[in-house]
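**Q** Here are the chains, one letter per residue:
2 protein chains.
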Amino acid sequence: MTVETSSVVPALKNIATRLRIDSIRATTAAGSGHPTTCCSAADLVAALFFSEMRYDPKNPQHPGADRFVLSKGHAAPILYAAWSAAGYVPHDDLVKLREFTSDLEGHPTPRLPFVDVATGSLGQGLAAGVGMALNARRIGSDYRTYVLMGDGETAEGSVWEAAAMGEFHKLDSLCAIVDVNALGQSRATQLGHAMDAHQRRWEGFGWHAITIDGHDMARILAAFDESRQTRSLPTVILARTLKGKGVSFLEGAPNWHGKALKKGDELDRAIAELEGQLVDAPADLPVRPPSTSRRDETRSAVAPPSYKKGDSVATREAYGAALARLGSADSRVVALDADVKNSTFSEKFEAAHPDRFYQCFIAEQAMIGASMGLASRGAIPYPSTFAAFLTRAADFVRMTAISNLNVKMAGSHAGVSIGEDGPSQMALEDLSMMASQPNITVLYPCDAVSAEHLLINAASHAGPVYIRTSRPKTPVIYENNEAFPIGGCKVLRHSPQDVATVIGAGVTVFEALKAHDELSQKGIHIRVIDLYSVQPIDAATLTAAGRETGRLITVEDHYLTGGIGDAVARAVAPAGLSVERLAVREIPRSGKPEELLDKFGISSRQIVAAVQAATHV
Amino acid sequence: MTVETSSVVPALKNIATRLRIDSIRATTAAGSGHPTTCCSAADLVAALFFSEMRYDPKNPQHPGADRFVLSKGHAAPILYAAWSAAGYVPHDDLVKLREFTSDLEGHPTPRLPFVDVATGSLGQGLAAGVGMALNARRIGSDYRTYVLMGDGETAEGSVWEAAAMGEFHKLDSLCAIVDVNALGQSRATQLGHAMDAHQRRWEGFGWHAITIDGHDMARILAAFDESRQTRSLPTVILARTLKGKGVSFLEGAPNWHGKALKKGDELDRAIAELEGQLVDAPADLPVRPPSTSRRDETRSAVAPPSYKKGDSVATREAYGAALARLGSADSRVVALDADVKNSTFSEKFEAAHPDRFYQCFIAEQAMIGASMGLASRGAIPYPSTFAAFLTRAADFVRMTAISNLNVKMAGSHAGVSIGEDGPSQMALEDLSMMASQPNITVLYPCDAVSAEHLLINAASHAGPVYIRTSRPKTPVIYENNEAFPIGGCKVLRHSPQDVATVIGAGVTVFEALKAHDELSQKGIHIRVIDLYSVQPIDAATLTAAGRETGRLITVEDHYLTGGIGDAVARAVAPAGLSVERLAVREIPRSGKPEELLDKFGISSRQIVAAVQAATHV
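Respectively, the protein sequence lines represent chains A and B. Take the first sequence: its position 315, counted from the start at 1, is 366 in the numbering used here, and no numbers get skipped. Take the second sequence: its position 99, counted from the start at 1, is 150 in the numbering used here, and no numbers get skipped.
If you are wondering where the hints come from, they were derived from the structure by calculation, not from laboratory data. Hints may be right or wrong, so weigh each one.
[Unchecked claim] A short, non-exhaustive set of chain A residues, derived as facing chain B with CB atoms under 10 Å: (1) Pro159; (2) Ala169; (3) Arg282; (4) Lys359; (5) Asp362.
Where is the CB? At the ideal position from N, CA and C, for every residue including glycine.
Work the whole structure out from these sequences, hints included.
**A** Pasting the structure below:
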């Protein structure tokens, strides 16, 4: 450093004070926001940005730059103030906070180049940080990852899922900081300032825990130094702070969460008090440059599948096979598992690429969160588990969508067709959960060939993707070189005499084909469509089928709401068409797969009955 | 006890051996299931059912009976075997495991009277146990709650949310048991048999932790005794066990998770080995009778709301007011918060009924999980938080539905109308998440009067309910005595000249009313419907409106999928009608509420434009 050590601490204290001032001014200008949570974190943020972190203020996405995740996203104003102090955000922009025309949103989103993952749903940042640290290892970089949390958010179980992952994967490049200001939104936090209790929790999860006064700058710098020198385990810095620090009428005071100071006397008094804390010290501190060492990514063509028509292969098994081959072709591809790799067949990827396979144990939130972090740094993560258990990570899915991250989620064991294990293991709302997010692509292969192609296509499609696979073996019906563009569908049966179109996906494609054959024998012809891309959807083909055959009947191994029936109905509504739906309409139970398909209304027999019904039902 | 102490241990060991035999036989008969995880837990289960727990084998729902939650739900066969040994389940029924016609499902569900909450999604049982223990305190009963977990499932963050709640609420009637068999589904668990590491985690969360050999019956009994005598903090018994215990070729062996033994030699060898372990001891042990002390519930009429038409009141605020009054009228009503009580206004309930208000801190999974436990024991829980953060608990919502529990969930701050805080705080998929579950009632009031009535109606409606409230103040439009039956809607504007029907709910009702007034001035008349009950839905009124006005236009502060548009479309599809939809179609951003309603397509201006569009769009 060019600045003498003796002057670094006062200079950093000044920066912290200016960050407080900027945060308070911005929230007052916006008329809302969280100034007091910015004040508690200001010394920590100043130390990170102007002593500890190595980055390029002109290029926040520098691949070797240390990462900073503001997990306590409601402290957004201080993040913006820090990047302004670093020279990236024009200082005048800070007071445009929360305006529609500004990217300085109420909580950080990746519209801003210095935000890797959106935060604001508390307890997510650490899992993302785990993913970023795993990515550093993957690319052979020594960049470090810093995650700033509030103490309130450590009530979220996802924090402890991520903590366990950090312990297991020995992520010594990961440093969590907990801003223990002891005040939540509505009351004191559970542990308050009982720093020993905080420390016990983190040490219980195998972390190197350092408790400090979060307003003692020299102690902060020493803690970061200690973290950097700690090997084989991640560090958490537990910083005792005061919410509203620096402004006497805010410090540690209740009922100030999420309140901007009023313009006029209230604001003026706060700013005057803070300005009075500025001391004589160098105005600027240099930023440490980012690391440059890393491995290049490698990419080549993916070998095509090699099935024979009529082979009997579960789509989940084809998924695993294709994932392993994709991993060989593209070094960016990684896989994450929640201890079901032998059911989802992600174990095939592990066998081929053990260094890019990340075990998360039974912790689906951490799995998706780590995927967010990995994706934000250039990896293409394929996290997979039973589709039913992806609901565990629904809020992470939501934030993945808000962040528009390149995460390729896969859920196996869809629907009642899993059989005997019963409803807790059956995904019947996963299509709804995924398709609700407007930018998530939802794919649903019915056979091994389409499963492989869709998995490969997902890798080159920018943005989040969901792939739904099934438990039962199904026959291969496509040629290996068939194309499955995202947004398409396949018309499997058609004739000029078609009196209805039956639209299925996954296992119900085969029920529809069976129904077609049965009805044919009675001289009744139906069109059959494989809707392998649920979102985006092939509205043109569906609308044409509706117009030509007069009736559209959807059949899905999913509950009635938010799945294939609703997607088709939305697609054809502009043409004034409506849709008849076969779907699971009640909570199912254990039984044999074929038995359940029939009892819950989505078997070939039920399709035949629906087609033959004289009127719309 | 009538049996001499010296013979209790061998008698319990024999029971454990018989539970192992029954579990193995049942899974082999079913051809699937998890026998080895039953074997590791058998000694613990035998001790619980035939020494520790007080219950009535003839009446599993006895209100004073100790509760047993099998959180590791895949060990279902041993639960069924234990209730058979207790005399409740006919022994011959055990081999009907997993059949469609048997209630002995693959994972336990409340179809069985001895199952309070469905399990099988791991990591949920402890939160339910927290709720049951809170309920014991509420009704003044000394029943105790036992939760049996696997070590693998303690990777789920929800376990630690529940642990923190157990610590905070000093639940000394709660005893968790972790069956540390060290093997997950696909590999060794993270901590394996490192019992000290397990103990550190639990002690870090403030629990009284007792580590034992889980196959040492005397030590098991002593641990339960120690738990019963522990005051002010919950106990966890960390039991070191072997998966497959009792069968030499299964004990601690990998790759046996979720596999039934083959009929013939494999089964015969296992049974013979187990039968060889039976010793001379009394065949039956008495069961301790349940506790009888408890307070009676009290119920009276709820005072009606008292608003004036035109008053400006946020539905979330009315929710809080009504909840407090409901609590005064019905002792079963309790409220749970995730540290946003001053935003959801559940603080009004806390002020009136502090002893029935349970703070969960920022831990939404534990909040819904505890609600499940409370509801299973007769309470009527109203957990509430920002609707966006209920997505955090999506898997608990799923299991609440599978359990058909009487939980009344409320989500505030719906949609883009929250404004400046940005997308992370906006619930735009909550209707979809809730309505996907076929038995969840979904209510969405637009004004204070309807909010109060719907909250009250929810209490007397059996089963899970979701109530969506909004952040902005909206005018009161209904008389205090207006009725809001579940499944109804309100036609707010209609005339014989209506050219379209606009269907809104919540804030969009007022956009629709504005649009109505604007269009009226141009001589264009529209029908306006307040769809306060999204599920069930008033198909008759909607269909009639569609037929009479020719066009149905939905407008919702929600994403396109799974919300009001889809619900209305499903309702009117049997009549061959389709729906035009105004909904949020992309990830939104920060801004002023009115600005966002307009930019994201759901303002009165957008409704006017849609009505005036010449054709379907």
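**Q** All the hints need checking, so say for each whether the structure fits it.
**A** Here is what the structure says about each hint:
Given the 10 Å rule on beta carbons, the hint for proline 159 (chain A) holds: about 9 Å separates it from the nearest Cβ of chain B. For alanine 169 (chain A), the interface hint holds, the least distance from its beta-carbon to any beta-carbon of chain B being 6 Å, beneath 10 Å. A hinted interface residue such as arginine 282 (chain A) counts as satisfied when its beta carbon comes closer than 10 Å to some beta carbon of chain B; here the least separation is about 19 Å, so the hint is violated. This hint is violated: lysine 359 (chain A) has a C-beta 29 Å from the nearest C-beta of chain B, more than the 10 Å allowed.
The beta carbon of aspartate 362 (chain A) comes no nearer than 24 Å to any beta carbon in chain B, farther than 10 Å, and the hint placing it at the interface is violated.
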